[in-house]
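Just so you know, the sequences run in chain order A and B.
Once you know that position 94 of the first sequence is 94 in full-length UniProt numbering, the rest is easy, because the numbers rise by one and skip nothing.
Once you know that position 16 of the second sequence is 16 in full-length UniProt numbering, the rest is easy, because the numbers rise by one and skip nothing.
Since the hints were derived computationally from the structure, they do not count as laboratory data.
Okay, the calculated beta carbon distance ranges per label pair:
1) Q4(B) - A100(A): 39 to 47 Å
2) G50(B) - M159(A): 30 to 38 Å
3) A100(A) - S76(B): 22 to 30 Å
4) I188(A) - N110(B): 54 to 62 Å
5) G57(B) - I188(A): 48 to 56 Å
6) A100(A) - T120(B): 23 to 31 Å
Backbone N, C-alpha and C fix where the C-beta goes; we use that ideal spot for every residue, glycine too.
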Amino acid sequence: MITVILRSMMITSIRDKISLFYALVFPLIIMVVLASFFDKNHANVTILTSVTAIGTMFWGMQGIAFQVFSQKNKGVYQLLKLTPVSPIIFISIMILARTAIGVVLNMGIWIIGMIYFKLDFSYQSILLPVPIIIIATLCFTAFGFVIGHLAKNEGQVNMLANFIQLPLLFLSEAFYSLQQAPEWIQAIAKILPFGYFTEGLKGAVTAGQEEVLLGMLVPFIYMLFALLMAVFTFKRGINFGNQSFLKKKTAG
Amino acid sequence: MYIQAKEIEKRINGRIIINKMDIAIRQQEILAIIGPNGAGKTTALELLLGLQTADSGKVHYWSDDYKKHLGVQLQSVPFFPGLSAIENLKLFAAFYKQVIATNEALAMLNKCGLRDSAYTEAGKLSGGQQKRLAIAAALAHQPELLVLDEPSAALDPRARQDIHQLIQLLHNEGNTVVFTSHDMDEVQRLAHRIIMVVQGDIVAQGTPEELCREHRVASLEHLYLKLSAKEETA
Chain A
1 MITVILRSMM
11 ITSIRDKISL
21 FYALVFPLII
31 MVVLASFFDK
41 NHANVTILTS
51 VTAIGTMFWG
61 MQGIAFQVFS
71 QKNKGVYQLL
81 KLTPVSPIIF
91 ISIMILARTA
101 IGVVLNMGIW
111 IIGMIYFKLD
121 FSYQSILLPV
131 PIIIIATLCF
141 TAFGFVIGHL
151 AKNEGQVNML
161 ANFIQLPLLF
171 LSEAFYSLQQ
181 APEWIQAIAK
191 ILPFGYFTEG
201 LKGAVTAGQE
211 EVLLGMLVPF
221 IYMLFALLMA
231 VFTFKRGINF
241 GNQSFLKKKT
251 AG
Chain B
1 MYIQAKEIEK
11 RINGRIIINK
21 MDIAIRQQEI
31 LAIIGPNGAG
41 KTTALELLLG
51 LQTADSGKVH
61 YWSDDYKKHL
71 GVQLQSVPFF
81 PGLSAIENLK
91 LFAAFYKQVI
101 ATNEALAMLN
111 KCGLRDSAYT
121 EAGKLSGGQQ
131 KRLAIAAALA
141 HQPELLVLDE
151 PSAALDPRAR
161 QDIHQLIQLL
171 HNEGNTVVFT
181 SHDMDEVQRL
191 AHRIIMVVQG
201 DIVAQGTPEE
211 LCREHRVASL
221 EHLYLKLSAK
231 EETA
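For reference, chain A alone in the conformation it holds in the complex (with noise of 0.2 Å):
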């Protein structure tokens, strides 16, 4: 039953076309791009945990908000209160699956990248991303999936998820340095796990331990915040029927 579950999960993923691109095909076209505005030799580490974030964060959260709205206005979370399936193993597995299909399409980037920029292949560049791909992916799926349940019309799914995203990447060191930015904005970066989660990849090329483990640390914790919010904003989605929970069902 589970795995019939997990399976179908992965082929209606793997089938959304636009988080595809938006996960693996934009990331590669901004590398490509950003490649060629700077220097590759002294930037190609951080454009390439950059991008790998970016596919990352866009698989897990965006399209995982998506999926859940549309799940969510055609009812399909109303018939599973019909049937034996508890809402926890359902969402587990739906992010499960996400989760697995995410990391083989971030790893592939990470990989492209490095042949792209011609790192050294070792097994720590090529091992230790896995891990922490893993949890940073977990954690932004479950913020997607807490999206799709607040969102009350495709446009809100837009707006809630640019309004986590944006402040993520833009007070992170993704791309620029914050040294100059005031102490205010310096401290919101250093409790966002966005950040953690690139100088974490940086730390698997540069052999940073530190950052490898608060690369996974700081995820973990937002994911198992996550993975919280995702359960209670399901069971209180499904008693309120088919709309958001913000607002209640009055059916004829």
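Given chain A, work out where chain B should sit, using these hints.
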């Protein structure tokens, strides 16, 4: 008796949606719940199914694990994007902890007139085909009781006729079917028993013949117009 609801009441924002309603679903019948838009048909169904909780009253089920024996088609068509008709069907069976083989799934789709569309993406099927797939999904775990919420709404005459034949076939195979509808021809043709709901109250119930006799009307269409006039004058 499959499901028996006693004096169930539902209020939303202080407004009574379902008013102390008694409903029984009997075995081997085709029961139609009719009424104007906003009368409370869907809410009544959702209360019966346990999708919403009644503010007062009780709903009794024939079995503790009734969910395993209950198939439901809601008004929306709940398919997973990117999956074909057969993939969706297998997934819905899995939700009931059943693994169905491809030939079984194809037989089910064939019964619902979807054999040729088995490998078409569910989202690309026509409205009538999607409704039939929703019914097939409700049947995937071979339930005893099938609940269909407006199964033929917004369909062309041919697609409607296909749905009618399917409901009749399912009943002939031993299923109990409950459906909501606005189409009195459909109700006249299919239903053994009718419950008419207006403004959250049951205003009539019985067989089509009993109701027409009791209310001295020539058809269910006339009965519907007569009894739903209460809503307009209220």
